[in-house]
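S.K.: Using the sequences and the hints, build the whole thing.
With my numbering, the residue at position 137 of the sequence shown is 137, and numbering never jumps.
Honestly, the hints are just simulated from the structure, not real lab data.
Just so you know, not all the hints are guaranteed correct.
[Stated by the list, open to error] Subject to a maximum C-alpha distance of 30 Å in a straight line, what follows is the list of computed DSBU-like cross-link-like pairs (lysine-lysine): (1) LYS71 / LYS109; (2) LYS250 / LYS152; (3) LYS71 / LYS58.
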Amino acid sequence: MFSASSSPFSSRSHEKTAYVRALNVNSEMEFYSVPINHDVSGGEDGSVRVLTPIKAAKIPLHGGFAAVDNKLYSIGGDPFSIGSIYRPVRSLFTFDTSCRLPTISSWKKRASMHIGRVFPLTVVIYGKIFVFEGIDGPVPDPRPWAEVFDTKSGRWTSLSPPPQLSTGYGLFAVALPDLGKILVGSCEDEFLYTYYVGDGSWERRDHKMVYEIPCNVKPVAVETMLFWFHDRYLYAYDFMDKWSYSGCIKDLEKVVPLGSLMPPNVELFYPTLHHVADNVFSLLCLEYFSATHKATLLHCVMFSISDQGGEDVDLNPTVMSAKSYAIPTPINILDAVVMSYLGVVDWVDISKLRMFQASLMYNVGEVGVNNTL
Numbered sequence: 001m002f003s004a005s006s007s008p009f010s011s012r013s014h015e016k017t018a019y020v021r022a023l024n025v026n027s028e029m030e031f032y033s034v035p036i037n038h039d040v041s042g043g044e045d046g047s048v049r050v051l052t053p054i055k056a057a058k059i060p061l062h063g064g065f066a067a068v069d070n071k072l073y074s075i076g077g078d079p080f081s082i083g084s085i086y087r088p089v090r091s092l093f094t095f096d097t098s099c100r101l102p103t104i105s106s107w108k109k110r111a112s113m114h115i116g117r118v119f120p121l122t123v124v125i126y127g128k129i130f131v132f133e134g135i136d137g138p139v140p141d142p143r144p145w146a147e148v149f150d151t152k153s154g155r156w157t158s159l160s161p162p163p164q165l166s167t168g169y170g171l172f173a174v175a176l177p178d179l180g181k182i183l184v185g186s187c188e189d190e191f192l193y194t195y196y197v198g199d200g201s202w203e204r205r206d207h208k209m210v211y212e213i214p215c216n217v218k219p220v221a222v223e224t225m226l227f228w229f230h231d232r233y234l235y236a237y238d239f240m241d242k243w244s245y246s247g248c249i250k251d252l253e254k255v256v257p258l259g260s261l262m263p264p265n266v267e268l269f270y271p272t273l274h275h276v277a278d279n280v281f282s283l284l285c286l287e288y289f290s291a292t293h294k295a296t297l298l299h300c301v302m303f304s305i306s307d308q309g310g311e312d313v314d315l316n317p318t319v320m321s322a323k324s325y326a327i328p329t330p331i332n333i334l335d336a337v338v339m340s341y342l343g344v345v346d347w348v349d350i351s352k353l354r355m356f357q358a359s360l361m362y363n364v365g366e367v368g369v370n371n372t373l
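M.R.: In structure tokens form, the structure reads like this:
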């Protein structure tokens with residue numbers, strides 16, 4: 001299926017940046033940029049770079065997050081207020097990452113959504129941001145469906161629903177840009193549909209194809225295949241040939257602590273997967289922290305996949321390189337988007353996953369990070 005020298009995937013830019021969204025100790029939004037390139041590698045002395053946050057103190061919490069071309073979008077959310085229930089807002093804010101001084105630049109307000117939403121799903125395809133579900137008030141039923149923001153015209157339009165809506169909360173949405181489709185499904189019920197962007201139609205799919213995708217794990221689409229990471233393994237499903245693949249990522253435990261890869265319950269930060277180019281993928285994971293540490297490690301691991309051959313096809317994923325970054329210890333990591341310099345965006349969902357205060361596997365100060373952060 002794959003080889004080290006060639007791949008069925010279309011070539012895309014290797015120059016990508018992940019923008020990780022976090023909630024700081026003051027319950028304010030912050031964003032961190034992490035380079036995602038083929039040449040990612042750790043320093044010989046084991047030191048790590050301390051990342052400077054992009055401040056977003058006035059941006060509502062728990063909104064959707066997306067990237068189109070060189071802009072970040074924060075969609076809806078809930079203004080912070082101690083002890084209050086959700087108060088969904090309709091606001092949309094953008095941030096230009098190409099500006100000269102991104103850490104001090106301001107967010108700009110754009111046209112508001114039709115409905116206020118907290119924790120919505122977002123998918124980007126053809127320069128449009130599709131916003132699915134979310135919570136629109138203190139009583140979450142009935143839940144809102146979806147609307148679309150055209151980044152060119154600056155207008156919102158409502159999206160027609162499929163014949164049957166999901167009854168569960170484990171919804172995921174994945175863009176299939178090479179096919180002009182969006183796959184929308186749930187890990188909690190039989191809901192699984194393909195949305196055709198061109199004509200706005202829906203097609204029901206066999207839900208068996210996503211039975212193995214755990215809730216809170218976001219799959220990534222590359223052409224006709226879905227990929228997802230769970231418990232040190234990379235899984236794949238070809239929804240055209242209806243064939244499954246899997247493989248343990250070789251040498252992964254050598255570059256990141258096992259505790260960062262196998263959270264014992266759904267309340268922890270899950271490692272997130274995205275496609276870089278051809279047969280190369282990247283994994284973002286966070287090393288757990290405690291209140292005694294003022295810095296937390298964010299790991300970026302690059303790995304490739306190839307076909308071992310034989311009757312039992314294995315993805316044979318193997319680590320290529322890894323890099324660690326330090327960020328001030330947050331309350332939550334909310335989610336992240338990955339942006340290429342050519343405007344090709346992979347979306348990875350880490351939303352609604354709470355991080356708890358656990359000890360770091362080793363003292364952050366011993367790997368080149370100043371403990372006085």
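S.K.: Tell me, which hint numbers fail for this structure?
M.R.: Result: hint 2 breaks, nothing else.
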